[in-house]
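Peer 1: Taking the hints into account, I'd like the entire structure generated from these sequences.
Residue numbers (the numbering used here), protein chains in the order written: chain X, 1 to 552; chain G, 553 to 1104.
Wrong hints could be hidden among the right ones.
Claimed, not checked - A few chain X residues that face chain G, going by a derived Cβ cut-off under 10 Å, partial list only:
| hint | residue |
| --- | --- |
| 1 | 36 |
| 2 | 115 |
| 3 | 116 |
| 4 | 118 |
| 5 | 138 |
| 6 | 145 |
| 7 | 147 |
| 8 | 152 |
| 9 | 159 |
| 10 | 165 |
| 11 | 174 |
| 12 | 179 |
| 13 | 286 |
| 14 | 292 |
| 15 | 297 |
Stated by the list, open to error - Capping the alpha-carbon separation at 20 Å, the derived lysine to aspartate or glutamate pairs in DMTMM-like fashion look like this:
| hint | chain 1 | residue 1 | chain 2 | residue 2 |
| --- | --- | --- | --- | --- |
| 16 | X | 121 | G | 727 |
| 17 | G | 638 | X | 136 |
| 18 | G | 967 | G | 1002 |
| 19 | X | 415 | X | 349 |
| 20 | G | 946 | G | 865 |
| 21 | X | 121 | G | 688 |
| 22 | G | 935 | G | 888 |
| 23 | G | 673 | X | 62 |
| 24 | X | 86 | G | 688 |
| 25 | G | 971 | G | 949 |
| 26 | G | 1043 | G | 1099 |
| 27 | G | 660 | X | 295 |
| 28 | X | 121 | G | 702 |
| 29 | X | 108 | G | 847 |
| 30 | X | 108 | X | 156 |
| 31 | G | 673 | X | 175 |
| 32 | G | 673 | X | 150 |
| 33 | X | 108 | G | 839 |
| 34 | G | 660 | X | 287 |
| 35 | G | 673 | G | 688 |
| 36 | X | 430 | X | 351 |
| 37 | X | 394 | X | 313 |
| 38 | G | 817 | G | 872 |
Calculated directly from the structure, the hints in this document are not laboratory data. Keep in mind that this is a model prediction, so the values were computed, not measured. Ideal Cβ placement from N, Cα and C applies to all residues, glycine included.
2 protein chains.
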Amino acid sequence: MTFTKPLSKFIVIMAALPLFMNAQDHYPAGQREKWLDIAKENTPKLIESIKRPVSPVKLAADAKAFQGYKAEPNGNVADVYQKSFKQQSGTVLDFGEHLTGYFTFTVKTLNSVQDAPLRFKLTFGEIPSEVAVPFDPYTGGLSRAWLQDETVTVIELPATITIPRRLSFRYVKIELLGSSPYFDFTISDAVLKATTSAKNTPAPLATATTDLINKIDAVGLTTLKECMQTVFEDGPKRDRRLWIGDVYLQAQANTYSFKQHDLTKRCLYLLAALSQEDGYLYSNIFEAPQPHAQERSPFLFDYALLYNVLLKDYLAATNDKQTAADLWPVAKRQMDNITTYLDANGVFDADKAVKNSWWLFVDWNDKLDRQAALQGVMIFSMKQTLELAKQLGKEKEVAQLPALITKMTAGALNKLYDKKQGVFISGTSKQVSYASQSWLILAGVVKQKEAQKILKTLQANATAVRPGGPYLYHYYVQALINSGLTADAKKVITDYWGGMVNKGADTFWEVYDPTNDELSPYNFFPINSYCHAWSCTPVYFIRKYPEIFQTK
Amino acid sequence: MTFTKPLSKFIVIMAALPLFMNAQDHYPAGQREKWLDIAKENTPKLIESIKRPVSPVKLAADAKAFQGYKAEPNGNVADVYQKSFKQQSGTVLDFGEHLTGYFTFTVKTLNSVQDAPLRFKLTFGEIPSEVAVPFDPYTGGLSRAWLQDETVTVIELPATITIPRRLSFRYVKIELLGSSPYFDFTISDAVLKATTSAKNTPAPLATATTDLINKIDAVGLTTLKECMQTVFEDGPKRDRRLWIGDVYLQAQANTYSFKQHDLTKRCLYLLAALSQEDGYLYSNIFEAPQPHAQERSPFLFDYALLYNVLLKDYLAATNDKQTAADLWPVAKRQMDNITTYLDANGVFDADKAVKNSWWLFVDWNDKLDRQAALQGVMIFSMKQTLELAKQLGKEKEVAQLPALITKMTAGALNKLYDKKQGVFISGTSKQVSYASQSWLILAGVVKQKEAQKILKTLQANATAVRPGGPYLYHYYVQALINSGLTADAKKVITDYWGGMVNKGADTFWEVYDPTNDELSPYNFFPINSYCHAWSCTPVYFIRKYPEIFQTK
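Peer 2: In structure tokens, the structure reads:
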């Protein structure tokens, strides 16, 4: 995820503020440094492995293939390495799997004597279309520099060249942009030094599991593995940073697969240490050149609230009370924002929050009214926080929560529930959406039976605003499971995530709309991340609820 | 210079031959290694200096400017460094002089937080048009990779980036190809670590010297200095190697300016050590990854012959008899080729030589018939070789030369001199050219008075084939001086080289035609070298013949 709203107003306002305001730090002096130290101590060692291409491929236009291109095996790698590269400009090598790391190749003189430098363009793609579609003229809303094409000048042969940037891809296209007519050369030894911090081997699924569920699980595990670097990254190709929304889902999947809880711990501490001066959390963190937040970025309310659930889940998975207690003040602080835009009826005033520069995410869908969904996230987070407080013996510190939960639950039922339609509605337009139903059901505002009815009504409502991508689909699946609609949950997993698998996904995509392969929140589909953290959660569902997913 | 003739025939034939044929080496076992060692011992230390841009410039289209573009100062460097670079994409920085070395710049966040990588294109130009004219679609005959444009992805700020390739330029254009709308940044600290092996300071010219001659001398010295690296390179931007024709002229200029004879010595030894198995010389040498010749390239006859003159000049400048005696076998060997294509009249059969894959260069001019010029180069080289032999007491080893000189002189006068026209003619078309007259006069085939007459007749001949570039202009000037036509010599220097100076040259160009700014032997003028060794020789003329050039 990358913020893409028109930000000029924020930037102007925020650029005028000093980076560190004189306001007193919400946390005690020295606290952030201690948290940073713990984050640092928990930095995982990256596991490096050497990977080589398995085959050259031909990219063929195919209307039935995802985004119009498929990759077909075309010869063998040894031939590519031995033959004149002049005759092979445009060669695409397939590494056979999605990988993240550092790419190296070798150029050697084949005959005569090099009398001029060579110029190559290398294009790395997570999916076939990414190495087939021209990037320029560039129409995307995010930096053109995310696209993984690099131009290389080779002055002297033989040469072994490493692309300095870390890359994330399965396919690499090598094009010759400049050479001399007076000598020939080969390209060989294409190698990726692949990196991940995923070191454990998740348990195999039950033998009774269907092929499709096995495949979905495998693609989810690869997605998670690729995003596991020195933090839980959102996408190894694009963004490459720690977002609360992503790590919340990654940690859930990790708990049921790799079980590398130290990485979750590191992320929890990084987010805490780098929170705003007022103690509220930044939505995302960069690790380099030193860990820092996206300072002055708009406050992302729903993500801040999910931090508390992440911490509670971490405690449940590890029983690490020391960490939970150490970071409790951060969770406690996030609760202070609940009442900021609450009206007298206990209903969240989303419009007012947005006017005051808060960012409400919930889903990539411009049409979505976020009021009811946020009401759900708030209640959900309060309940989880209260539970966490109980486990830590800190209930008194959040004594306001029980009454607030009651008030906001009543507010949701009185003001956001349309009895006639039998669904939750949101905003002045009284919008019906998957987001609103999912989040208010996850918040436990209605009992299971009622929740079932609401979800069935929702499914029958052709005009309801549907999820824009895997992130919200995750919460919808959880709402279905919580409501006992397990067959529906399985169907979403097999239809939606299974749809990506059937379209050839090696890793799950940041955005996916079965009806629109070229959907992009960034105006240009190759800039989408095709290995994205928040899409890995079938791993969690399949492994947490084997009775739903792991039977034929 | 780069060989540009259709070579496919050669390449096919030569690629089929093993790199080292089983033929016995012409030189004694171990000899080449010893010569290489001496070359290595004489590798100069490169002098590094830190250079910074003097001004941003605006490139303005101007029909009167060289190749249609002029660079006008436009603000100051400090402002460029402080301001948002997003507002400045396309900025051109002017280093104020031609430099060769390694370019570094720094990118820093200006406001907000970097949330995406940046992508830049840097274009380095020796002259203004080179950073103004689009390079693509590329039409040139040499590798596109010689053009100095590099694309750079910057993943993490702050970043200090060094372009890996060595560059040769005065102007650098920096264009922004990719950035995020959510943060801003600056580019600063553009620095070149400039390199040259020219360490001495040439004597100033006499105070009576005119401004133009002073300028021509200064531009010539810069040209020579820039080409002085770890060998005498032909051009620091393009080719970047040691060619016999270039080093012959560079050494002459060096003798009258920097006087760094060790560099000449190194070049003499490299050429000897890396000569063909049969002892004849390769026309050019590459230094990296280890010194090697352009093996299997066609034998360049006129260049091989000039090696002997280079060696003789070196002895004259240094009195280093040991080197001259050590390399004498190489000079002696070059004489064995004189008779290969000589007809019964003692006239060189150029057509036969070319048919048998010899390369006759003389000048960049496709229309030039090279027979008469080569006849001149051969006689010139024989006379100089004989002189060298005398100084080394080796006359007996080239006992064939006096008779050959006599025979070929007679051949030239009988078969290549048109009494009616009063000029030398060449080939079956009986072509009249500056090349033929210059070389046969330098060979001393006619006495000074006759030479004067020939040159005056030539000047009056509007259809005579004129020199295609500075390399042949050099020999024409020398022929004028040898013939006592010193005013004409001065006029060529002031008109031709002075013409480049008046068109804004900081260094002298590889090719220059006063009537065609866009002339290129390589089909695309930006690929021309604009700092080229063989064009530096006004330094030699002005300093060797002060009476001609250094008076007002």
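Peer 1: Less than 10 Å between beta-carbons is the criterion; does residue 297 of chain X satisfy it with respect to chain G?
Peer 2: Status holds, d = 7 Å.
Peer 1: Per the CB criterion, is residue 292 of chain X less than 10 Å away from chain G?
Peer 2: holds (7 Å)
Peer 1: Residue 394 of chain X and residue 313 of chain X: Cα distance at most 20 Å?
Peer 2: holds (17 Å)
Peer 1: Mind checking the alpha carbons of residue 1043 of chain G and residue 1099 of chain G for me, to see if they're no more than 20 Å apart?
Peer 2: holds (14 Å)
Peer 1: Tell me if residue 138 of chain X is really an interface residue toward chain G, meaning its C-beta lies closer than 10 Å to one of theirs.
Peer 2: holds (7 Å)
Peer 1: With the threshold set at 20 Å, check whether the alpha-carbon distance from residue 430 of chain X to residue 351 of chain X stays at or below it.
Peer 2: Between residue 430 of chain X and residue 351 of chain X the Cα gap is close to 14 Å, so the pair holds against 20 Å.
Peer 1: Does the closest beta carbon of chain G sit nearer than 10 Å to the beta carbon of residue 174 of chain X?
Peer 2: violated (14 Å)
Peer 1: Holds or violated: is there a CB of chain G closer than 10 Å to the CB of residue 145 of chain X?
Peer 2: holds (4 Å)
Peer 1: Does the structure keep residue 673 of chain G and residue 175 of chain X at a Cα separation of 20 Å or less?
Peer 2: The hint holds at about 18 Å.
Peer 1: With chain G as the partner, please determine if residue 286 of chain X meets the hint condition of a C-beta pair closer than 10 Å.
Peer 2: Hint holds; residue 286 of chain X Cβ to chain G Cβ min 7 Å, cut 10 Å.
Peer 1: Within 20 Å, alpha carbon to alpha carbon, are residue 946 of chain G and residue 865 of chain G?
Peer 2: Between residue 946 of chain G and residue 865 of chain G the Cα gap is close to 17 Å, so the pair holds against 20 Å.
Peer 1: For residue 121 of chain X and residue 702 of chain G, compute the direct alpha-carbon distance and say whether it is at most 20 Å.
Peer 2: holds (11 Å)
Of the hints listed earlier, those the structure fails to meet are numbers 1, 11, 23, 25, in rising order.
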